[in-house]
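Protein chains: 2
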Amino acid sequence: MSRWIQEGDNVDITNERKKGTFDTERMSAWIHGGPEVLKRRREILSFVKSIDDFKDPVPTEFMSREERILNNARKVVAMTDNTDQIDGSDFFGEGMYYQALTMGRDLHAMSLHYVMFIPTLQGQTDDEQLDEWLTKAISRAVVGTYAQTELGHGTNLSKLETTATYDSATEEFVLNSPTITAAKWWPGGLGKSSNYAVVVAQLYTKGECKGPHPFIVQLRDDETHMPLKGIRLGDIGPKLGINGNDNGFLLFDKVRIPRRALLMRYAKVKPDGTYVAPAHSKLGYGTMVFVRSIMIKDQSTQLAAAATIATRYASVRRQGEISPGKGEVQIIDYQTQQFRVFPQMARAFAFMAAATEIRDLYMTVTEQLTHGNTELLAELHVLSSGLKSIVSWDTAQGIEQCRLACGGHGYSQASGFPEIYGYAVGGCTYEGENLVMLLQVARFLMRAAEGVRKGTAKLADIGAYIGKTGSKTSRLTTHHHYTDADLVADLEHAARKQVFRAYDRLKKAQQHLSPEDAWNSVSVELAKASRWHVRVYLVKNFLNKVALAPQDLKFVLTDVARLYAYDIITSSIGAFLEDGYMSSNQMNEVKEGIYECLAKIRPNAVALVDSWDYDDKELKSVLGRRDGNVYPALLEWAQNSQLNRSDVLPSHTKYLGPMMKDARSKL
Amino acid sequence: MSRWIQEGDNVDITNERKKGTFDTERMSAWIHGGPEVLKRRREILSFVKSIDDFKDPVPTEFMSREERILNNARKVVAMTDNTDQIDGSDFFGEGMYYQALTMGRDLHAMSLHYVMFIPTLQGQTDDEQLDEWLTKAISRAVVGTYAQTELGHGTNLSKLETTATYDSATEEFVLNSPTITAAKWWPGGLGKSSNYAVVVAQLYTKGECKGPHPFIVQLRDDETHMPLKGIRLGDIGPKLGINGNDNGFLLFDKVRIPRRALLMRYAKVKPDGTYVAPAHSKLGYGTMVFVRSIMIKDQSTQLAAAATIATRYASVRRQGEISPGKGEVQIIDYQTQQFRVFPQMARAFAFMAAATEIRDLYMTVTEQLTHGNTELLAELHVLSSGLKSIVSWDTAQGIEQCRLACGGHGYSQASGFPEIYGYAVGGCTYEGENLVMLLQVARFLMRAAEGVRKGTAKLADIGAYIGKTGSKTSRLTTHHHYTDADLVADLEHAARKQVFRAYDRLKKAQQHLSPEDAWNSVSVELAKASRWHVRVYLVKNFLNKVALAPQDLKFVLTDVARLYAYDIITSSIGAFLEDGYMSSNQMNEVKEGIYECLAKIRPNAVALVDSWDYDDKELKSVLGRRDGNVYPALLEWAQNSQLNRSDVLPSHTKYLGPMMKDARSKL
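Chains as they are written, first to last, in full-length UniProt numbering: chain A, 1 to 667; chain B, 1 to 667.
Heads up, a few of these hints could be off.
EDC-like mimics (lysine to aspartate or glutamate), calculated; alpha carbons at most 16 Å apart, straight line [to be verified]: (1) K666/A to D81/B; (2) K268/B to D81/B; (3) K654/A to E66/B; (4) K661/A to D222/B; (5) K206/A to E171/A; (6) K654/B to E171/A; (7) K254/A to D167/A; (8) K654/B to E66/A; (9) K528/B to D567/A; (10) K661/A to D81/B; (11) K666/B to D222/A; (12) K136/B to D662/A; (13) K661/A to D12/B.
Just so you know, the hints here were simulated from the structure itself, not pulled from any lab data.
Keep in mind the model is a prediction, meaning the values are calculated, not measured.
With the rest of the complex left out, here is chain A (with noise of 0.2 Å):
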């Protein structure tokens, strides 16, 4: 029986829950890494509902921005308090559980601070700054933030404006924004929360331009909290989600700071102004590829909640009748809400496959690198941008397709959705726009074809399927006989004719080009590429977990799994019959393979979905309730709203009333 069940359910969730037919426990145990990790996710969650500072005191969709932001400030400050209670070394795992729990699907005062600030001044910083500053920000003393992007300017680090400028007399620099564009703008937490920031500025010194450094600055006096002199700061304003966190901007009006204030792990400036440039690249591969994969199990977690939510919803909403007479049917029934939703699912899970895989990954790579083996690292940094990419523009269609298929009610916000995807869809964004990670995919790719073309390639197991030959046909007979193998190498075969499809426009362009508007001209083509390289190590990735799964999850993942890829070829037909590398048959047999998965999905699917171990105090959703009783626990939630705190709103005393009532004298 499920541990899912409890009296007083849901008549038909139970009954959904009964339809299973694996054990959700030893599933849950599967995903999250062993039964020991369930034990301690379980541990943490009692832990969290028994400390009354992480209790919301309404839902917060209720919250104005300032109560959000109290809100939030008082649960970081709790939640810091008790890192004692989770494995610290374990942030993918224990971590982001915890901060999910506590904090829900928002930023927080401190999420940079631990985020950005500490490991920048663990990476940048002499050994001497190290003491102090490290020191200071561990203990709470500060709350630091990065500051980095500015008003005008965002990937293109060289262009920013804010200027450091080294003034030898008195032994420091003066920091200035000499236009609205050099104004700091994003950083979170910068707003209202922190007293410090890493801030980047162009360093001069001797009247020359050294180029972007990092400054730590004081932003706010230690003990009233005001801005210093010459620093103009606030926040932002709304956004589309995460508006419990104070996101700002920053103004520097020559403020002068200390010589040391610059960090000074590379990069140095002696007191007389002569600049010592770093010895060797300040570029940290690894921690790009850690941020990555955390940002990949978050993504995924996201669309888990909302795969959870949607599937949850459709097997307690009845309505409109299949068969006439038999009364309504859980719309879970209906196959096309069937095709919306469990895509979704099989994408959570394939993302999550990968997340692990990434930080397993990164690992491996840290270890080699200790022995000077730099064999992965290109491959894996480029892997990693690109599956960013990927993951979080899936993870947000993903939302959405299924907010909507929970038709009017997925429009409130009782549903999370609107959190949800507010929340997720900012990792397009974030940490790297999607479109200009592809492209760095996609100078890896053509290096690569190039080296193919050339022989002499030199590819990882990543990318190793760029230099294979490959059959000229599908092997595929029926969905029934399809192999692991046989639809491997048929997506790396769209992927492969797309790299060299890319590569020889690039080519032909590069004839009457510039290199650079030659790669412009192409660059649709080249961001094509990158997804299918994407793609295919999402799929074979996902089926090579499902292959050592135990017997008894075997048989429901690898549905999952096979609809996840024929998923991403019925999407992508073209590629696979436009050199007649398919035949319309055999794509029919793909098309056929994906009704199959979903009714074979079906009756587990509320196991599936159970199986990620969701808490109702993690999910927020009124429509994803574990016990399924939706319908007075939405008329409870709207009890909250604002509007409900009085029966008459001045909105009827001052405006509509006297309106009704005059033309009322009239009639």
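For chain A, the structure is supplied; the task is to place chain B on it using the hints.
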């Protein structure tokens, strides 16, 4: 010289406007229906700008829900006070424009009063009822809404649970909500603003249920505005969009209303309880078609706004270098940016053309109906349902593409995108959930397919292609010689093929399943057929309109129309290749056609979006402002943030400040 150029504008945007190769004023006239219409638009605009009550004290993004509700109430009274300023008979033109300028992208307290309450009174009352209620409604002596949808019941009206039981002893109906799922849920303005509603309830008399009927019901006291006895109502809480409206819930506890509360134009109940069934169908296809043509206009207006913002911003935003040393480029010069944004612009043009056409067809059909000619009615109804579905979905996706194309700033509410998206995407669900609509279209298509197979089909122009034989292969040679007729034939081929694919699968499924289960088992294929049906119409209609455009506009409109059509073809490559109808060389021609369209549209992009004639008051976007002076405006906009009212927030004083102080004391 473009009328859009003014002194002090951003230099880049001015240069773009100088580049345009056509007269924007002539294009605006073509889009909106002639120079006279343009003149009237500008008169309405200056009137609205002249009235203080239409001014928002701060941008609405910074208002709480309570503040928005109050702000909207003031504006809606002013708006309806001044309806003499516009031609009330031209809701599609002047009415929608006036409302957009005054109310922005939000519903208001009287939205349903005008869109549902009054039309229902007009359609469903007998003469005596009409006299009483229409007078009150039009004079604004009452504010009404339309309460049909229930918490547990949407599309399937026959399962509504609210009951109206006739009591002949007192000649009253007793309104009751027997369960929580019977709560009326969603009606606009129901929560706080309205004092009357048309309520749809199951009519019981003499112990028999006669199905759902409309009743006019007073909800709140005329003087005090307090809910009447037995009536429980309120706001349903925040949503993804339209939060300036009090969408509401409503529960009846045995509320007695007079017999004559039943709207008696069709069905009647006599004093003794005898039910008189309606003499003929109540179905008003005409009104539904009209409402949907309004929706399509509205949706296309939102997509055009998004495309305007993204195009203008892309012309002033400079980022990255294409050629090193030549300075940062306008991001509109990136092919990937053009590929993201320009197709959205093209869609908006196509959808506007469809909206006008549907409105005109509606007039024709109405005229035909007065002569008893129903030939076009069913096809038109079907087409308008399908258009609503395709247009709202493509609009939602298009808006998000435009937003993402603006990078980080697109995520800020300063961009306008979050509001545009939240408002527009609701259209995927209301007025008939999109998939339900597509399956209605499919009913027509399956009847048509059956007729064609049996040789009995009588198809009007819209569906005539279903009965054509068509060529077995595409006549496309190169995209430079691709005629409109050949292009349309190609799309018709794809549509026809999918219609018959769905039909054949349906017939096959019917051999072993009940008709209803068979239908469900092929519903994904049915929905696909419907999408093709509508897209064929959209392309044909757009090409036809462009063919009739004046020569000096036609050349640029042709680029836009071709981009629209090619984008559809290359998004469904399989549909053209799988039966050998097109070769991959032919498909490559279409792909090349897209790149050529992008390059040709590039210099006209800003002029094209200017031609939609958005004033900044309507556009409501810092990124899309006419003058292109985006950065100072962003900084100014942010000053309005609720969080910027004081330098130090309670979140610091209560939580973060003490945390840091404590840590400092221990250092």
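Verification of the hints:
1. K666/A to D81/B: 15 Å, holds
2. K268/B to D81/B: 36 Å, violated
3. K654/A to E66/B: 13 Å, holds
4. K661/A to D222/B: 8 Å, holds
5. K206/A to E171/A: 12 Å, holds
6. K654/B to E171/A: Judged against 16 Å, a Cα distance of about 38 Å means the pair is violated.
7. K254/A to D167/A: Judged against 16 Å, a Cα distance of about 12 Å means the pair holds.
8. K654/B to E66/A: Measuring from Cα to Cα gives roughly 13 Å; hence the hint holds.
9. K528/B to D567/A: Holds, at about 15 Å.
10. K661/A to D81/B: Holds, at about 14 Å.
11. K666/B to D222/A: The hint holds at about 15 Å.
12. K136/B to D662/A: Cα-Cα ~12 Å, so holds.
13. K661/A to D12/B: 54 Å, violated
Of the numbered hints listed earlier, those contradicted by the structure are 2, 6, 13.
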